[in-house]
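Chemist: Sequence:
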Amino acid sequence: MSKRNKEIKVGAESLTLKEMRENAGLSVRKLADLMDLSFSRVHQMESGRENVNEEYVQKFLKATNYSWSEWNKRTDAGKFRDELRVKCHEALDTIEPSKLDIIYEFLMGM
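Quick note on numbering: our numbering labels position 55 of the sequence shown as 60, and the sequence is numbered without any gaps.
Possibly wrong hints are sitting among the right ones.
[What the hints assert, rightly or not] Here are the computed lysine to any residue pairs in the SDA-like style, where the Cα-Cα straight-line distance is at most 25 Å:
id, residue 1, residue 2
1, Lys23, Glu12
2, Lys14, Lys92
3, Lys92, Glu110
4, Lys14, Tyr109
It should be emphasised that the hints constitute simulated quantities derived from the structure, not laboratory data.
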């Protein structure tokens, strides 16, 4: 057993995985089958014994028919991005109209 499996670090991601799985009406074993993973791997992710990575989340979302935006809304990362989006909109409202073309071109170039 790796050192990480001995340490339990329950965070927003692991709690969200469990909540979304339960809301989808899936057991850990059924989800593991849908994701083509072992039962223990799914359990480790939900229990905070493994770090949740993007590859795992993508498989999870596909298996549960949730969207990436739904994942973001339910995790701290999504809340932060939503707050940042609001702050950006507020900042745009304070910019002199003659400079909006420059900002628009910059954003479209990203």
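Chemist: A separate judgement is required for each hint: does it hold in the structure or not?
Modeler: Okay, the hints, checked on the actual structure:
no.	hint	result
1	Lys23 / Glu12	holds, 18 Å
2	Lys14 / Lys92	violated, 31 Å
3	Lys92 / Glu110	holds, 19 Å
4	Lys14 / Tyr109	violated, 41 Å
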